[in-house]
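If you read the sequences in order, they're chains R and Y. Residues in the first sequence are numbered consecutively from 1, following the numbering used here. Residues in the second sequence are numbered consecutively from 1, following the numbering used here.
To be clear, the hints were calculated from the coordinates, so they are not data collected in a lab. Every value quoted in this text rests on a predicted model; they were computed, and no experiment measured them. From the three backbone atoms N, C-alpha and C, an ideal C-beta is built for every residue, glycine too. Fair warning: there could be bad hints in the mix.
What the hints assert, rightly or not - Quick list of simulated restraints, FRET-style, between CB atoms:
#1 R/E106 with Y/D197: 17 to 25 Å
#2 Y/D195 with R/P168: 53 to 61 Å
#3 Y/G237 with R/P81: 32 to 40 Å
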Amino acid sequence: MNALHLKKGSSQHSAYHLKPGYGDENERRVLAVIVDNEAGVLARVIGLFSGRGYNIESLTVAEVNHSRHYSRITIVTTGTPMVLEQIKSQLGRLVPVHDVHDLTTEGPHVERELALVKVVCSDDKRVEALRMCDVFRAKVVDTTLESFVFELTGAPEKIDAFVDLMKPLGLIDLARTGVAAISRGVDAPKE
Amino acid sequence: MARDRTEEISGARIVIQALKEHGVDTVFGYPGGAVLPIYDELFLDQGIKHILVRHEQAAAHAAEGYARSTGKPGVLLVTSGPGATNAVTGLTDALMDSIPIICLSGQVPTFMIGNDAFQEADTVGITRPCTKHNWLVKDTANLAEVIHQAFHVATNGRPGPVLVDIPKDVQFATAPYKTAAQAKTSHYNPRVKGDPDAIQTVVEMIEQAERPIFYSGGGVVNSGDAASQLLRDLVNGTGFPITSTLMGLGCYPASGKNWVGMLGMHGTYEANLAMHGCDLMICVGARFDDRITGRTDAFSPNSTKVHIDIDPSSINKNIHVDVPIIGDVGHVLEHMLKIWRSRGRKTRSAEVKEWWSQIEEWKAVDCLRYKPSTETIKPQYALQRLEELTKKHDRYICTEVGQHQMWAAQFLGFEEPKRWMTSGGLGTMGYGVPSSIGVQVANPRSLVINVAGEASFMMTMQEMSTAVQYNLPVKQFILNNERLGMVRQWQELLHGERYSSSYSEALPDFVKLAEAFGCKGIKCENPADLDDAIKEMLDYDGPVIFDCLVERHENCFPMIPSGKAHNEMLLGEASTQNTIDHTGAVLV
Ligand SMILES: Cc1ncc(C[n+]2csc(CCOP(=O)(O)OP(=O)(O)O)c2C)c(N)n1
Ligand SMILES: [Mg+2]
Numbered sequence: 001m002n003a004l005h006l007k008k009g010s011s012q013h014s015a016y017h018l019k020p021g022y023g024d025e026n027e028r029r030v031l032a033v034i035v036d037n038e039a040g041v042l043a044r045v046i047g048l049f050s051g052r053g054y055n056i057e058s059l060t061v062a063e064v065n066h067s068r069h070y071s072r073i074t075i076v077t078t079g080t081p082m083v084l085e086q087i088k089s090q091l092g093r094l095v096p097v098h099d100v101h102d103l104t105t106e107g108p109h110v111e112r113e114l115a116l117v118k119v120v121c122s123d124d125k126r127v128e129a130l131r132m133c134d135v136f137r138a139k140v141v142d143t144t145l146e147s148f149v150f151e152l153t154g155a156p157e158k159i160d161a162f163v164d165l166m167k168p169l170g171l172i173d174l175a176r177t178g179v180a181a182i183s184r185g186v187d188a189p190k191e
Numbered sequence: 001m002a003r004d005r006t007e008e009i010s011g012a013r014i015v016i017q018a019l020k021e022h023g024v025d026t027v028f029g030y031p032g033g034a035v036l037p038i039y040d041e042l043f044l045d046q047g048i049k050h051i052l053v054r055h056e057q058a059a060a061h062a063a064e065g066y067a068r069s070t071g072k073p074g075v076l077l078v079t080s081g082p083g084a085t086n087a088v089t090g091l092t093d094a095l096m097d098s099i100p101i102i103c104l105s106g107q108v109p110t111f112m113i114g115n116d117a118f119q120e121a122d123t124v125g126i127t128r129p130c131t132k133h134n135w136l137v138k139d140t141a142n143l144a145e146v147i148h149q150a151f152h153v154a155t156n157g158r159p160g161p162v163l164v165d166i167p168k169d170v171q172f173a174t175a176p177y178k179t180a181a182q183a184k185t186s187h188y189n190p191r192v193k194g195d196p197d198a199i200q201t202v203v204e205m206i207e208q209a210e211r212p213i214f215y216s217g218g219g220v221v222n223s224g225d226a227a228s229q230l231l232r233d234l235v236n237g238t239g240f241p242i243t244s245t246l247m248g249l250g251c252y253p254a255s256g257k258n259w260v261g262m263l264g265m266h267g268t269y270e271a272n273l274a275m276h277g278c279d280l281m282i283c284v285g286a287r288f289d290d291r292i293t294g295r296t297d298a299f300s301p302n303s304t305k306v307h308i309d310i311d312p313s314s315i316n317k318n319i320h321v322d323v324p325i326i327g328d329v330g331h332v333l334e335h336m337l338k339i340w341r342s343r344g345r346k347t348r349s350a351e352v353k354e355w356w357s358q359i360e361e362w363k364a365v366d367c368l369r370y371k372p373s374t375e376t377i378k379p380q381y382a383l384q385r386l387e388e389l390t391k392k393h394d395r396y397i398c399t400e401v402g403q404h405q406m407w408a409a410q411f412l413g414f415e416e417p418k419r420w421m422t423s424g425g426l427g428t429m430g431y432g433v434p435s436s437i438g439v440q441v442a443n444p445r446s447l448v449i450n451v452a453g454e455a456s457f458m459m460t461m462q463e464m465s466t467a468v469q470y471n472l473p474v475k476q477f478i479l480n481n482e483r484l485g486m487v488r489q490w491q492e493l494l495h496g497e498r499y500s501s502s503y504s505e506a507l508p509d510f511v512k513l514a515e516a517f518g519c520k521g522i523k524c525e526n527p528a529d530l531d532d533a534i535k536e537m538l539d540y541d542g543p544v545i546f547d548c549l550v551e552r553h554e555n556c557f558p559m560i561p562s563g564k565a566h567n568e569m570l571l572g573e574a575s576t577q578n579t580i581d582h583t584g585a586v587l588v
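Just chain R, same shape as in the assembly:
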């Protein structure tokens, strides 16, 4: 006999607790992660996100200190506050990771992204595309009689806005770098 009101044979019970965790709102965070630039380090970071089911909105990486071989990975991620704390401490636990900075919560910061936008158009649309390019302070980095490639730098929203405007004008290809970010003011991550 069961002491609990658990029906024999009911299959709703699983070996795992299937209810999702605390239902907090998702937040967006920009993380700067300083790592040793060694083989496999990016795979470790990405594997952590995929293995634990975290989101990556964008990720950029390049070596920023050539003599000491440090790379900086900028990750834009979303999650509940509890998940975001987990992401930071799980990143911090990886052996080649030196430092994890949450730029979103540590103070004001600047986010920039670079986009290359290919637009194919003629006549009026060509004129309009060039005018938009001016307004957004984009640069023309390649042109033919029927096409432009624009280079644009800015916050992700600015790039989104430019891309939206270019779509009706003949946007056929787009490359974006993902966000690079840095804190404002005098502070910098220690190395």
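Assemble chain Y with the ligands onto chain R, guided by the hints.
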């Protein structure tokens, strides 16, 4: 120029020298083409004992058993490709249970990597998520340093498995040896000292608590023997009750007066209700695993929670805690005890006494009670007899995974840390046999028993051959219910008694099997014969397979079904009757 003055030795030689520098006396392994140069050195050197297992998974579990029972890292050596992939289960097991093991794997020569060469596997790729860290060494000049780093990473902070993948040409090429002192390990140095303010806060909470409980885990074992002693001092000093996870059994002695038994899914009624009803929970080196918490939103709703852990990622992962303390359990407990003593060893003893009388009431439910039988051996009875007949021995217990594992945790008493080897986090059937081999190698004169299920035993029973080869007198105590008992239990309770593939059919004759291996086989099916049979097992100086035929349909209680709260525990028939008769609807 400096290079000229240093003697160059082969990569294979470097491996042996580095292992010796770290005090390694035993390596569990299996040879193959990609590690032959290292096997050559093992042959020439003789300073390191090599235990030839029969499957690389067993090398990893044996290394775990060695590590768990000694506190020293375990080492395994496997060849490339299938050797490395076979080790993956053991590495994952060690990762989940924070066991320091070092896996050295051979790899195809550097110039063939990526060509789908014979026995090539992307070993660092495959083992990246199941090790704490891993390395592919492409240059013999880096080999010594990487091995030193591997030992450093495996044993510092939260311990875990590491892997060093060594291509065959790197084993042949030569380079000067670098000592451990010369190796760069500086940047991986997890914090061991806890925040003094937080520790002070906890002492104040200890002084104020009315319904406190200590909840300890495997982190106390990992921190070292001193941590267990400090935990005992703090528990006995304050007079607070203490429970432990499966992994932490033995840190506080089972015979200690403050012990309320294991907690969690198959923990005791009193431990789980005390966790549910406490006002102060001090978690020491445990991680609020889902087998412990049950339904997280109903977990210990009215308590202030303190969490001491060396791994920041364990904090607030499943359960939000009020006072996190990141640091080594030993350091933090020492500090805490010092402050608590210097402030006059205060507790609210009257209230705590009342709390104890509540706990005693819960204890009176006698949740581990079962219906005895004179016809069949009840598995609980078998373990009670085993306990009675072996508790005075210098004894180590390993287990497989299933009902027998939970009964072993419930019915055997552990007085010291490092005496209990079980696969907690991963729940790996097949862990126990090789683990018992590793324990016996490390503790040749001790009694090593693997409490097994017949199904689990068959997953790695080839290792009995290893036991015979090296004269390892491990005792395989099989609670044979001819069932995948734990699966059967779930099917009975939760899947409408549809016993889908949970029979152990076509079982071998374990006595004949034992004889075929060159071990002793003992079979027992009558409760009246059990004591004599166990004594026969203990008296035999050599490996034994003990086939203990037990009641087939026994369920393991208490049980908190997944997704249920601690106070929604299922009690066995024997205790349920009692509960309902005496305390009515205790179980909400
Ligand atoms: C490698 C592996 N496969 C499957 C399982 C799922 N599982 C958990 S317990 C169990 C049954 C174990 O049977 P046995 O070893 O006879 O122990 P018993 O429960 O009967 O005591 C199974 C299949 C597991 N834990 N590990
Ligand atoms: Mg069984």
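We went through each hint and held it up to the structure:
1. R/E106 with Y/D197: 17 to 25 Å: 22 Å, holds
2. Y/D195 with R/P168: 53 to 61 Å: Hint holds: Cβ distance 58 Å, inside 53 to 61 Å.
3. Y/G237 with R/P81: 32 to 40 Å: With a Cβ separation near 37 Å, Y/G237 and R/P81 satisfy 32 to 40 Å, so the hint holds.
When each numbered hint is compared with the structure, no violation occurs for any of them.
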